[in-house]
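K.L.:
Here are the chains, one letter per residue:
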Amino acid sequence: MRDIHARLKQRHHLGQFERQRPGLAFFTVPREYLRGLLLDLRDKEGFSHLVLLTAVDWMEEGLFQLTYMLNNRAEDVTFGIRVMLDRDEAEGDSIHDLWPTAETYQRELKEMFGINFPGSPRIDDEFILEGWTDLPPYRRDFDSLAYSQQTYAERPGRVTHDPREHMKQKLYPDGV
Amino acid sequence: MKDVDDKFLKNIDKEFPLREELRPRTVTTPDGQEIEIEPLKDYFCEAAPKVHPKAYIPIVENFYNWARANSLWILGFGTGCGAIEMRPLMTPRFDAYRYGIQWRPTPRQANLLMISGYLSVKTLKRAVRAYEQMQGPKYVVGLGSCTINGGMYWDSYNTIKKLDQYLPVDLYIAGCMPRPEALLAGFMDLKKLIKAGKCEGANKYAENFAFYKENQKSVIKDWDMPDYNW
Amino acid sequence: MTFEWIQVPYALATLFIILNYGLLMTAVVQKLAARVGGRPGIPVWQNYIDLVKNFALRSKISHGVMYYLGPVFRLSGGIGLIFFVPTIYGSTWAQNFSFAGDLILALYFIFFGTLGMALGAGESGHPHSAIGVSRGLAQVTAAELPMALAVYAIAIQYQTLSITEIVAAQQGGLFNWTLFTNPIAVAAAMFAYVGTTMRSPFDVVIAPQEIPIGPPTEYHSAYLALMQTNRVIFPIAKTIIYMNIFFGGATNWAEFAIKVFLLYMIPAVIGVVHPRFRVEQSIRFFLKWGLPVGVLAILMV
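Residue numbers (full-length UniProt numbering), protein chains in the order written: chain Y, 1 to 176; chain X, 1 to 230; chain E, 1 to 301.
Check the hints yourself; a few may be wrong.
Below, simulated DSS-like cross-link-like pairs (lysine-lysine); rule was C-alpha separation at most 30 Å, straight line [what the hints assert, rightly or not]:
#1 X:213 / E:60
#2 X:198 / X:54
#3 X:54 / X:162
#4 X:14 / X:162
#5 X:50 / E:60
#6 X:41 / E:60
No lab work stands behind these hints: they were computed from the structure.
Nothing here was measured: the structure is a model prediction, and the numbers come from that model.
Whenever a hint applies, use it, and build me the whole structure from the sequences.
P.N.:
Written out as structure tokens, the structure reads:
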């Protein structure tokens, strides 16, 4: 693992190597080097499988983090490759020609986070939401609770207890 | 509980456009004619459902209700996780068939729609369609706390929280999820209700058609079907 | 053939008996399947309740004239089969309207219902119906081939096309039955019998788990009730023909009940222990095994 990282570090400007557990490690790569790195990993290092492509919303930093999980099946090694995108622009590079499955992930990201991947097939089609008109729901500035309360009818009588206070009341009603 | 975050306001200005293939338009036929088509009107019957009266003679109606109660045909449509609790009912351990309960694969032949668990907006659209295609008298049973008050999906952006706003529910079975025993007990209660002639969901739906449609359309923004699916 | 008006109520009485017998038999078979699976199964009167319920439904939707006629054709196929075949040999009133050429008519009626169904299901406009019907027709055609060949073999053997005469020729002892005088033809016909009673392993056409329920996808309420009625009558009617041609007929209702029950149990017992064939598999099965036996039966005679 470390040797692959060391080998590719210079050419692709890789970030810090972060080992999670045996066989799993993360590192960051600048957006413009992503494609070359993925190609190298796929064709030369045997990382033939795109496990998943997902995103994290770093709202405070104004960034979206894309995570590409690649797996080398022969050696049971998984790399998580992070790419930071600008949150306002929110546009990534499509890799559907490297792994056809990426097309589905990119459609999901477009719908749930609003990250566009120009050139990806059917990127504008609905993925699982139908007729969604609001902010993409996985963005952190979308308030799910408020949206739900403003949209769906509620049945009165629902109460929420703080578990700690509730159990304290129940077990020690005298306040011992 | 009503701690609405007033900083976040739902976007209510945006309308979802009708799908292109469903918009009214002019097309040229193969022989060169220009015709106006309006898919939603042309392909579907537009009539609203009507209220079907009970049989005139009470004893006949009672006999019919007895037959309906003892021959519940469930539409095999699992909307959420509760669908998994219905499967054991077909197995030797519970065997709902001995109570006259059967699963039918098509809404035309079913009388009982089980909303088994959470109902996302996308599934609600299908459930409404399936319900409207069933033949009356038809019954709806809501399964699990999700259909009652949202359950664990109380803050979800995409699941409804109160089923009886959208479909006329005859019976709720509480639990998360209710076990098959609870389902069987629920079926027995439903039978009692049907025998007492209290399950008039289809007529209720027809009477309050405007109310149900308004609620349905308020959450299903992508409304691409006729108002009533015959 | 002579016709008297008294035959009409007699035939209707026969139909009534057969309807009730069929309803009970269907329930018994379902019960059998349930017991094999370790379940208590439905009550034996469940089919009556289902029938009443379907007639009692308040709303129904028609998709056109042919849609309405589909179940009617189907039911008339079943009823016609009963009416034109003598149910009890030698009985004055269960003779129905049998006449000299009724064997050919019976062959036609076996198919009539399916064809009517094809037209009706086609008009319902549901793609599943159309697919289901074409699959069903393909399978039934393949299954009926050995039956047709066996019937020709029998017709040559007895030099008649009248079922009454065929039954008459088989009277007077067990070994006069076609089963023993022409076993190959009977074997060929049993292929068709198992294949067309719409029980597993040949019921993929109407199996609920398949292309949802096949032809009757759009049928509901009273339409479905009509088809259910036919579903219980038709196998019995078919069994009567087989009983008449191959198993010596019946001279009284008790013998009828026992023979039909035993014959009916053949596909039922085969059904509960066999998984379903796909349509192309069952067609291949009939063409490979049923058809040569049928041809052999003709050659043997």
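K.L.:
Would you mind marking each hint as holding or not holding in the structure?
P.N.:
How the hints compare with the structure:
no.: 1; hint: X:213 / E:60; result: 22 Å, holds
no.: 2; hint: X:198 / X:54; result: 12 Å, holds
no.: 3; hint: X:54 / X:162; result: 29 Å, holds
no.: 4; hint: X:14 / X:162; result: 24 Å, holds
no.: 5; hint: X:50 / E:60; result: 12 Å, holds
no.: 6; hint: X:41 / E:60; result: 21 Å, holds
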